[in-house]
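Visitor: Once you've looked at the hints, dock chain Z against the given chain D.
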Amino acid sequence: MIVSEEEMLDLRGYKFPGGVRTVEHWENWLLTDCTTGQQLPDNLVHPIALFHVPIQGSGCSISELFSLVRVQGAGSVGLDGYDWEYFHPLKEDVPYLCEGEVIDVQRVKTDNGKIYDRFVFSIDLLNESDLLIARVTNHWRLWRKR
Amino acid sequence: MEEKMSDLSSYIGFDLPTLEVNLIDPQKMKTMAALLRDPYPVHWDQNANESLGFGNRVINQGPLNLSYIANMLMEWQGPTCIKRLKAKFLKPVFDGETVVAGGKVLDVLEESSSRILCQIWLSRGDEIVLTGEAEIIVTKEETD
Numbered sequence: 000m001i002v003s004e005e006e007m008l009d010l011r012g013y014k015f016p017g018g019v020r021t022v023e024h025w026e027n028w029l030l031t032d033c034t035t036g037q038q039l040p041d042n043l044v045h046p047i048a049l050f051h052v053p054i055q056g057s058g059c060s061i062s063e064l065f066s067l068v069r070v071q072g073a074g075s076v077g078l079d080g081y082d083w084e085y086f087h088p089l090k091e092d093v094p095y096l097c098e099g100e101v102i103d104v105q106r107v108k109t110d111n112g113k114i115y116d117r118f119v120f121s122i123d124l125l126n127e128s129d130l131l132i133a134r135v136t137n138h139w140r141l142w143r144k145r
Numbered sequence: 000m001e002e003k004m005s006d007l008s009s010y011i012g013f014d015l016p017t018l019e020v021n022l023i024d025p026q027k028m029k030t031m032a033a034l035l036r037d038p039y040p041v042h043w044d045q046n047a048n049e050s051l052g053f054g055n056r057v058i059n060q061g062p063l064n065l066s067y068i069a070n071m072l073m074e075w076q077g078p079t080c081i082k083r084l085k086a087k088f089l090k091p092v093f094d095g096e097t098v099v100a101g102g103k104v105l106d107v108l109e110e111s112s113s114r115i116l117c118q119i120w121l122s123r124g125d126e127i128v129l130t131g132e133a134e135i136i137v138t139k140e141e142t143d
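Read top to bottom, the protein sequences are chains D and Z. According to numbering that gives the first Met the number 0, the first sequence holds residues 0 to 145 in order. According to numbering that gives the first Met the number 0, the second sequence holds residues 0 to 143 in order.
What the hints contain is simulated information worked out from the structure, not anything from laboratory work. Any given hint could be a false lead.
[Unchecked claim] Some but not every residue of chain Z turned toward chain D, in silico, with C-beta under 8 Å: (1) Met31; (2) Asp37; (3) Leu51; (4) Leu65; (5) Ser66; (6) Tyr67; (7) Ala69; (8) Phe88.
[Claimed, not checked] Partial list, computed: chain Z residues near chain D (C-beta under 8 Å): (9) Val20; (10) Lys27; (11) Thr30; (12) Leu34; (13) Leu35; (14) Arg36; (15) Lys85.
Think of the CB as a built atom: it goes at the ideal place given N, C-alpha and C, for glycine as much as any other residue.
Same shape as in the complex, but just chain D (with noise of 0.2 Å):
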């Protein structure tokens, strides 16, 4: 999809709508089950939660998210990395505040002539008493041409 580079560059300090995001036990289950490995104890959330709670927390969906960056379709997409912070363990059932925003857009020419937008992300969880619980920073990878 043809997306100008400064249509790309104003999403920078664009703020998701931001929210309250709990991770259910049945959640939690299915997750860890997903990661092949054992069931964790005290009602600890797996840390791979940090992919898709502090998005769908912020307001916001993968679905949504691809729309704010115009990509669809197979291999549009990639995962370039990411960065996540864990301050204090994650738990089931407690209620954290989502909000985070776009930090950096950047379009890159290769030399072989691909272009590609480099879109970075950060979010932050926050309990009922404003504590920082983890901060997720996530770098995609928005192909425009290949």
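Guide: This is chain Z only, laid out in the frame that chain D set:
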């Protein structure tokens, strides 16, 4: 000879116990896609990937690839040991493949909290498909 690694600096260079995930199950990718509400068909529609040259195999979700490393770390140092994960995704992983999560201790970040820095990776045979760094808290003594 067995030696207890009670001094944190003695962990530097230590190879973490690996975790093998055999024959990655496409059914788990479908459950994962539903949990994530992920509309990207490459994880659940085999036909979507033919145009990408991947045959009729589906691509494992990046978070699942990283989860194998998280599980490896938690099996080593317990369920609350992970303080930071930095990951770079290099190659897609497909259903039916076998991968191995591994790592090596690079440095001691803070003696007082027993926080160490590890290089982490996920491999498929001799090929590294995911690499990165993890900061974890050491609570269990290791024997070498």
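Visitor: Each hint: holds or not?
Guide: Hint-by-hint comparison with the structure:
Given the 8 Å rule on beta carbons, the hint for Z/Met31 holds: about 4 Å separates it from the nearest Cβ of chain D. With 8 Å as the threshold, the beta carbon of Z/Asp37 comes within range of chain D, its nearest partner Cβ sitting at about 5 Å, so the hint holds. Residue-level restraint check for Z/Leu51 holds (minimum Cβ-Cβ distance to chain D is 5 Å; threshold 8 Å). Using the Cβ-Cβ criterion of 8 Å, the hint placing Z/Leu65 at the interface with chain D is satisfied: the shortest such distance is roughly 6 Å.
Taken as an interface hint, Z/Ser66 checks out: its beta carbon lies about 4 Å from the nearest beta carbon of chain D, inside 8 Å. Hint status for Z/Tyr67: holds, given a least beta-carbon distance of 7 Å to chain D, under 8 Å. A distance limit of 8 Å between C-beta atoms decides the matter here; for Z/Ala69 the minimum to chain D is near 5 Å, and the interface restraint holds. Hint status for Z/Phe88: holds, given a least beta-carbon distance of 5 Å to chain D, under 8 Å.
With 8 Å as the threshold, the beta carbon of Z/Val20 comes within range of chain D, its nearest partner Cβ sitting at about 6 Å, so the hint holds. The restraint placing Z/Lys27 at the interface with chain D holds, with a minimum CB-CB distance near 5 Å, inside the 8 Å limit. The restraint placing Z/Thr30 at the interface with chain D holds, with a minimum CB-CB distance near 5 Å, inside the 8 Å limit. At its closest, the beta carbon of Z/Leu34 sits 6 Å from a beta carbon of chain D; the interface hint therefore holds under the 8 Å criterion.
With a cut of 8 Å, the hint placing Z/Leu35 at the interface with chain D holds, because the nearest CB-to-CB distance is about 4 Å. The interface hint given for Z/Arg36 is met, as the beta carbon of that residue sits about 5 Å from the closest beta carbon of chain D, less than 8 Å. Checking Z/Lys85 against chain D: minimum C-beta separation of about 5 Å stays under 8 Å; hint holds.
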